[in-house]
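Colleague: Going down the list, the sequences are from chains A and B.
Heads up: the first sequence is residues 29 to 401, going by the numbering used here.
Heads up: the second sequence is residues 172 to 541, going by the numbering used here.
Straight line, CA to CA, 30 Å or less: simulated BS3-like cross-link-like pairs of lysine-lysine:
hint, chain 1, residue 1, chain 2, residue 2
1, B, Lys-473, A, Lys-33
2, A, Lys-344, A, Lys-287
3, A, Lys-292, B, Lys-210
4, A, Lys-337, A, Lys-269
5, B, Lys-357, A, Lys-373
6, A, Lys-373, A, Lys-344
7, B, Lys-210, A, Lys-257
8, A, Lys-373, B, Lys-210
9, B, Lys-474, A, Lys-33
10, B, Lys-178, A, Lys-33
11, A, Lys-134, A, Lys-373
12, A, Lys-249, A, Lys-337
13, B, Lys-357, A, Lys-374
14, B, Lys-357, A, Lys-370
15, B, Lys-473, B, Lys-257
16, A, Lys-374, A, Lys-292
17, A, Lys-327, A, Lys-249
18, B, Lys-210, A, Lys-370
19, A, Lys-337, A, Lys-307
20, A, Lys-344, A, Lys-257
21, B, Lys-178, B, Lys-249
22, B, Lys-210, A, Lys-374
23, A, Lys-122, A, Lys-71
24, B, Lys-210, A, Lys-149
25, A, Lys-333, A, Lys-249
26, B, Lys-210, A, Lys-303
27, B, Lys-474, B, Lys-257
On the chain A side, residues computed to face chain B include the following (Cβ under 10 Å):
hint, residue
28, Trp-48
29, Ser-121
30, Pro-209
31, Arg-362
32, Tyr-367
33, Pro-369
Please keep in mind that the hints were generated in silico from the structure rather than gathered at the bench.
The beta carbon of each residue, even a glycine, is placed where N, CA and C say it ideally should be.
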Amino acid sequence: MARFKLLPLVLSLLLLTGCWDQRQFKNVKLVLAAGVDAADEGKVESTVVITNVQSSSEGPGAEQTQIVSAAGHSPLDTRTHIDQKISKRFDQSKLHVLLLGEELAKKDIYAYLDMFYRDPKSNLHAQLAVVGGTVKDALSLSVSGEPRISEYITGMLTGERRSTHMPNTNIQLICSELLEPGQDFVLPYLTVNQEESILEYRGLALFSGQSYSGSYLPSEKAVLFLLMKGIRGADAQMTRKVGGDDHPDVNDFITVDVKEIHRKLSFDTHGSLPKVEIKLKMEADVLEYPPNHLQSAKKIKELEKQIEKDLTKEAKEILGQLQEVNSDALGLGRRLQAYHPKAWKKLNWNEVYADIEINPSITFEIQSHGITN
Amino acid sequence: MARTENKKISRRQFFFIIIQTQIGVGVLSLPFDLHQAAKQDGWISFVLAGLCIQLLIVAMWLTARQFPDDDLISFLPKLFGNAIGKLLSSAYYLYFVCVCVLILVLFGRMLHLWILPNTPFWVLAILLAFTCLYLISSGLLVMARIYTFVSILLVIIFLLLVSALPDIQLVYLLPVGQTPIPQLVKGAQAAVLAMLGYISFFYLYPHTKGTPAERLKTMSYANLFVILFYLFVVFVSFTYFSTSEITFVPQPVLYLLKAIELHVISRVDLFLLSMWIVSVATSFSTYLFMASKGLTDMFHSKKPSRFAVFSTTLIVVASLIVGIDEQPIDSFTQFVTHVSMVFSNVIPLFLMLYTVSIYRFIRRKRHGKV
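Okay, chain A solo, but in the shape it has when bound:
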């Protein structure tokens, strides 16, 4: 009898291992960074960076990277062609970075992301970025001190996110804004610097609907833009000119770190077109101001006024650029729909967005000035 009691135990050992759905590391080539470019005749060209680990008898194995690209009709078609050039097959389920070529991003990018949304194995928290020039050039860079291009790019983007130069984005997070009417999004815009063999963060690529509008918000303006969007990273540093004449000098500049933001959006829907008012209140610390004298309340008031004026002007420029390329990256349309559904229904937001009146008003407050006056 005891023998029979053991039987189920042995059987479960044999049967419960599950032999069907194994995906073994030895059978695939891991891809950590990939990108797509537009190619001739409406085709796409994918580039993948494959990390090979050479096993050695002692210590960790040496890493070698292999960069392969191929053209095809769709992203998955290129995959077939890439597989034909490498040993084994590649696997994107650990992807960290996905780059989109500038020319390709100007088309409907959903088509190129569809395979990621559809596949249960894909890694949706891979970072996305638009590359000025071609992805192939960007991924082929060998950056000194950075053996893995994927780590280089994610590290760079994480840094920019912490310093409030870009919002938190990944393949999944942009999907909501990609599909939702009345809401557009931004992606980091990188360019290739061949001379120094590095990538450079340039600013935020503005998307209109599902495609790149072709213009990007320079990184100096990105901070204010994100603060207007209500996003703040670990710190939000801005350097602005206060006082001085036409010959700027280091003493004319102040650097502040915005600590707190309060944003209020209001819509006036009485007219034929809605009017938007963006009220943004900031509280900041002074990090750098060589002329000193920050103990006087009068001086602080003066500085605050000046910065307010400056920032309001800049906010107007940002909004002007957004409207010009028809990118509702602040999601004003979705908010209008949320709070004034009747007004929203009457409008064709895509057509009127460029013409509506948006008034930013910024109040700026200095709350501390470091350990010196």
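Starting from the structure of chain A, add chain B where the hints point.
Modeller: Structure of chain B alone, referenced to chain A:
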């Protein structure tokens, strides 16, 4: 008397059995179903459905307290006489089998889609069904203990969802109240399907300690818990996905966790899926228990395990016939939804009306004569 009292489950265990039965296979797709029917106002539908179920619970309680020692299968003959009672009991047996089959195929389909595309469905079906058979053959008390124990997983599911909160956009819930009433009702119907399982009240009531009022209170707390838990799930899914995006994702709860990376776990969705399997298993077990207990009682048998094995085999075979292709599952879901409306809502209401009016009258008359 003391021995039967010992075999009864405590009210806390009763609470956990109810919530584990109600929270099951539907939790992953509920937000999608609600959104299909009622757009961003789906949560209103859900609250509506929760309130209706609360009323049903009171109705079931009014019936059940007339029969302090009988569960559904044994009080049906007392209410309607042997012939009709047996007929109704058999119908209920088939209904429970159908729900089991539905749970099994939805479970198989989900695993097939998300993690095990190559594993044949019969393996998954047998693994789940026979594990649950093992669980129910130990009796209600053991089941209750297991259910209480695994409820810790609900806390973990809750915490995982909390990690998605930084990325939500509350504006996706607005504007409120734009959905016409008929669609809200349709949404409520979808919600009821996800919360099915309250019918187990009829089976658990006689086996639970406490006064009738205490038991009703526990049941209502359980229902409230389920409503709040689901509401949180719906809230996170609705605000994480935009209004137009959610129509693309049939399993929003898994999908939103797929995009989150924790320090230790890279694919949170797979982690959630393994905990969800436990929730599915508990719902399945309760239905299997009700089915096989009903069958045993109908034949006045002393050998419940035979009927349990028979029911499990029947369910596995039926689920293999339905299969896990999209079309048959959809029609089968439709079918079970309609049947559930009758067996979980209409009949319990009718039973209540019948019990409090005609049956009380008949019994009084009968007692009067004796």
